[in-house]
Amino acid sequence: MIAGHAPKPVTARMENHGSSMLKVAMATGQDLFARTGSMVAYEGFIQYEPNPPAVRQMASAWLTGESAPVMKCSGDGLLYLADYGADVVCLNLNNESVSVNGTNLLAFDAHLQWGVERVKGLAKFAGQGLFNVAVSGTGWVAITSRGTPIVVDCGSGADETYVDPDALVAWSSGLKMKAKRSFKASSLIGRGSGEAFQIAFSGQGFVVVQPSEDSTDRLRARG
Amino acid sequence: MAREFQRGHKAKISDLTAGTDLYVGVRIAAPGLTFDISCFGLDADEQLSDDRYFVFFNQPKSPEESIQLLGPQAGDTESFRVTLEKIPTAVRKLAFTATIDGDGQMSQVAPGYIRLVAGGEEVARYAFTGAEFSTERAVMLADIYFKDVWRFAAVGQGFDGGLAALLRNFGGEVAEDEPAAEPAPQAAPGFAPPPGGPAPAFAPPPAATPPPAPAPSFALPGGGATPPPLPPPPPAPGQQGFTPPPGSGDPAIHQAPTMIAPLATPPAQAPPFGEVPPPVAPPVPPPPPAYGGGPTPPPFPQQPSFGAQQVPPGPPMAAGPSYAAAPTQGAGIQVSMQKYREQPTGQRWTQQNPKMMRADLGQGGGQAVLARQGSMVLYQGKVEFAYKGAGFRGRVVGAMTGQEMQLMRCTGGGQVFFAENAAYLHPVELQNDALCVSAENVLAFDEGLQHEVRRIEGHGIPGGALYTMQFQGTGTVVVKTHGTPVVLPVTPTTYADSNAIVAWSAGAQVIVSTQVRLRRSAYPGHSGETVNLQFRGAPGNFIVVQPYEV
Chain A
1 MIAGHAPKPV TARMENHGSS MLKVAMATGQ DLFARTGSMV AYEGFIQYEP
51 NPPAVRQMAS AWLTGESAPV MKCSGDGLLY LADYGADVVC LNLNNESVSV
101 NGTNLLAFDA HLQWGVERVK GLAKFAGQGL FNVAVSGTGW VAITSRGTPI
151 VVDCGSGADE TYVDPDALVA WSSGLKMKAK RSFKASSLIG RGSGEAFQIA
201 FSGQGFVVVQ PSEDSTDRLR ARG
Chain B
1 MAREFQRGHK AKISDLTAGT DLYVGVRIAA PGLTFDISCF GLDADEQLSD
51 DRYFVFFNQP KSPEESIQLL GPQAGDTESF RVTLEKIPTA VRKLAFTATI
101 DGDGQMSQVA PGYIRLVAGG EEVARYAFTG AEFSTERAVM LADIYFKDVW
151 RFAAVGQGFD GGLAALLRNF GGEVAEDEPA AEPAPQAAPG FAPPPGGPAP
201 AFAPPPAATP PPAPAPSFAL PGGGATPPPL PPPPPAPGQQ GFTPPPGSGD
251 PAIHQAPTMI APLATPPAQA PPFGEVPPPV APPVPPPPPA YGGGPTPPPF
301 PQQPSFGAQQ VPPGPPMAAG PSYAAAPTQG AGIQVSMQKY REQPTGQRWT
351 QQNPKMMRAD LGQGGGQAVL ARQGSMVLYQ GKVEFAYKGA GFRGRVVGAM
401 TGQEMQLMRC TGGGQVFFAE NAAYLHPVEL QNDALCVSAE NVLAFDEGLQ
451 HEVRRIEGHG IPGGALYTMQ FQGTGTVVVK THGTPVVLPV TPTTYADSNA
501 IVAWSAGAQV IVSTQVRLRR SAYPGHSGET VNLQFRGAPG NFIVVQPYEV
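Note that the protein sequences, when read in sequence, are chains A and B.
For the first sequence, the numbering used here begins at 1 and goes up steadily by one.
For the second sequence, the numbering used here begins at 1 and goes up steadily by one.
Accuracy of the hints is not assured; some may be wrong.
Unchecked claim - Some chain A residues near chain B, calculated using beta-carbon distances under 7 Å:
#, residue
1, Val116
2, Gly147
3, Pro149
4, Ile150
5, Val152
6, Asp164
Unchecked claim - Computed list of lysine-lysine pairs in DSBU-like fashion (alpha-carbon distance at most 30 Å, straight line):
#, chain 1, residue 1, chain 2, residue 2
7, A, Lys176, B, Lys382
8, B, Lys12, B, Lys86
9, A, Lys8, A, Lys72
10, B, Lys12, B, Lys339
11, B, Lys86, B, Lys61
12, A, Lys8, B, Lys339
13, A, Lys178, B, Lys339
14, B, Lys382, A, Lys180
15, B, Lys61, B, Lys12
16, A, Lys178, B, Lys382
17, B, Lys339, A, Lys176
18, B, Lys10, A, Lys8
19, A, Lys8, B, Lys12
20, B, Lys382, B, Lys339
Read the hints as simulated data drawn from the structure, not as lab findings.
Even glycine gets a Cβ: it sits at the ideal position worked out from N, Cα and C.
Construct the entire structure; sequences and hints are all you get.
Encoded structure:
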C-alpha cells in the first residue's frame, strides 16, 4: 500500500502527485512563487523567503495589511505543495496569458510576468473582494480547484457565459468580463446575501469553474 | 463521461455501460513505426485454442462475427467491434495487443490509449505513454475477460518479443522451428521469418484442424520469394453496415460544445453505433486568436519535441516537454486543460465529471428545471432564474423548522452547470417510478416530475422530523452525496442512520426505531440516543446511504 504512493520519476517541472498534490522539480536559477503555507514536504535544499519585497509591492492590492500571500522558493530539489486537498491542475503556458482567481493560485514560475488585478466593478461582490492574478509568459502555473474543474469555451456569439463568482477558478485573459446583477428581487441565485450576481464573459477563450461554491481562502484563513 | 483507467484497473463492463455491443478503439503511434493491433480470443486457460479467434489484419473477424476488425477510424489507429453476447463460451478472454511492425521499441510510442465506446459514448479509456515501456516490441494493452460477468482490465504490459513471441505465449504456433524465428532487430516486419526460410504459416495446434475461414497465414516470405505486401486493413466498415448512414441526423449540432446551441434543433438522435465520439476532445472552436498575442498552442499530440529517443514526459494528457526544455517548448494551456474540457452530448442531463452536472434546457421539450438555490456555477445562453418556493406545504414545513427548501426555477434555452460543495452527483432517471430523497440531498430535478414533501416524524430526530421529497413520474432527479454511496436492498432487517440516508424507493415503508441503550461515551457529543430508520418493503426496494452524517 505504501509502495503504491512512492513518488514517480520526475518528467516535468510541475506534475501532479495524485489529484491534489503538486510536485515541483526545483533547480537553481528557476525560482518559484508559491502560496504561503502550501508547502507540505520537500526534498533537497530549498529555501523559502516569505514576503519578499518585490512581491510585496506587486501584491499590494491583494493585501489587507498583512504579509504577502506568496513566498519565493529557491534551491534544488523536489517540492510538494497542496491546498487542503483541493484538486491541482498544472498549466504550461506557451507565451500565453491566464487570469487566476487569487485563492485558486497555488504556484507559478518566478520568471513569468504577473500582476494583481482587481476586477472592475466586481470587487465588492464576493466576500473578501475578488482579486485575480494575471500570469503571462512561458512557464508553469499550478491552480487549485475544489473538486474536478470543468473548462468551458466561451463562444463568439451574441450570448455570454455567466459564472457564479464563487465557483470561478480561472479564465483566459482575452475575455471581456462584466458584472451582471439580476435585479428581480425574487431571483436569488448565488449564495448568501440574497444579492444575485454573476460575472458575464464574452469573447473568445475559456473559463474554468469548480464544482463548489466554496471560495474561502483556506491557506489564508489558517493565518 | 469516460472513466479513466490506470494500468491494472479492472471494472465490470456492466458498470460502465448497459450495452454489450462495444467498440474498442486503439490509438498507438510513433514516428516512423507501424503497428499491428490484434485481438486474441483466449480460452479459460488463456490459450489460443482456436485460431479463428485470433483477429488481426489477415483475419478481420471471428467465425460468428462476435469480434470484428474495423480498421482505422475516428482518430483510432485500429478499431474493433465486440459483441459480447455472441462470443462463444469457449472464448473467455479477449486480449488486445499492439506489436511493432519492424524495428523500434515501445518507449518511442507517443501518448496513446485504448478506449471502449458503447452507444456512441466513450465509457472507458486507458491512456498510456511510451514512458511506461522500455525496449519491448509488443504490448498487451487491455483485456476483456469473463469472470462471472464480462469485465474490462487495463493491462499495459510490455512483451519482449514481437508478434510471433506473443503468439507463442498464447499457445499459438508460428510454423517455424528455426531458432531464428525470433525476429532479429534488423528484420523487417515484426513477425517476418528470416529471409529465405520457408513461408511459415501460422499453424494452429495440430489437434485443431484448419478452419474454413481464410487461414490466418502468417506468411511473409522474406528474400525474393514473392513478398506479398501486407494486406491493408480490411475496409470493413462499409460492408458490415457499421458506419453511420451518411446524413443520419445531425449529431454535430448536439456534439458541439455548449455555446449558444440552436434551440430549435430536432431532438438528438442516439448516435448510431459507429458514431464514435472524437478521440481526444470534442470539436473545439478554433483556438482564439492568440491569448496575449503569442502563437497558438500546438494541438495535442503533435509535440515536436517528442524525439524518437526522448521519452514523452508528463502525464499523458498534459504532455509537456521535459523539465529541462520547459521554458522554450511549452505545450500550451489548451493541452493541460484538455482533460477538463466540457463533454458535449446531446442529452438533457449530462454528467461532466463526478461532481458537475450539465442541464441543457433546450432539450426534453423545453421544460424547466428546479434546482437548489446557489447550485448554479455557470450558464450559457438565455436562461432565466426565478425564485421558487417550496409550495404551500413546503412553507408550512419551513415555518415549522426554519428550513424551507429553497429552490429556483431555471427556464429558457441554454446550458446550466450545477454543482454544490464538490459533492458527488448522481442523475437518477425515473420512468414512471417513485423515489424518496432526503430533502438535503436533492440538487436539481425536472419540473415535470411530481414532487411533494413528506415528513417522517420521530422522537429524537433533530428538528423534530425528517423531511424527504417524493418524486414521481418520468424525468431526472439529481441526487448529491458526500462520498460514494452504498445501495442496499431492503430486507426485514434493514436499518439506516437518519442522518446518513440519502434516498429510498418509494415502495419501502419507513419505521423510526430508537435505540436508547448506547452508552453515552459511544459517540462524543451525542446525547446517547440514536435514531435509526427501519425499512420494510417488498423485494426489489432499495435504500441509498452515504458515508457522511450530516
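Looking at the structure, which of the earlier hints fail to hold?
Violated hint: only 1; rest satisfied.
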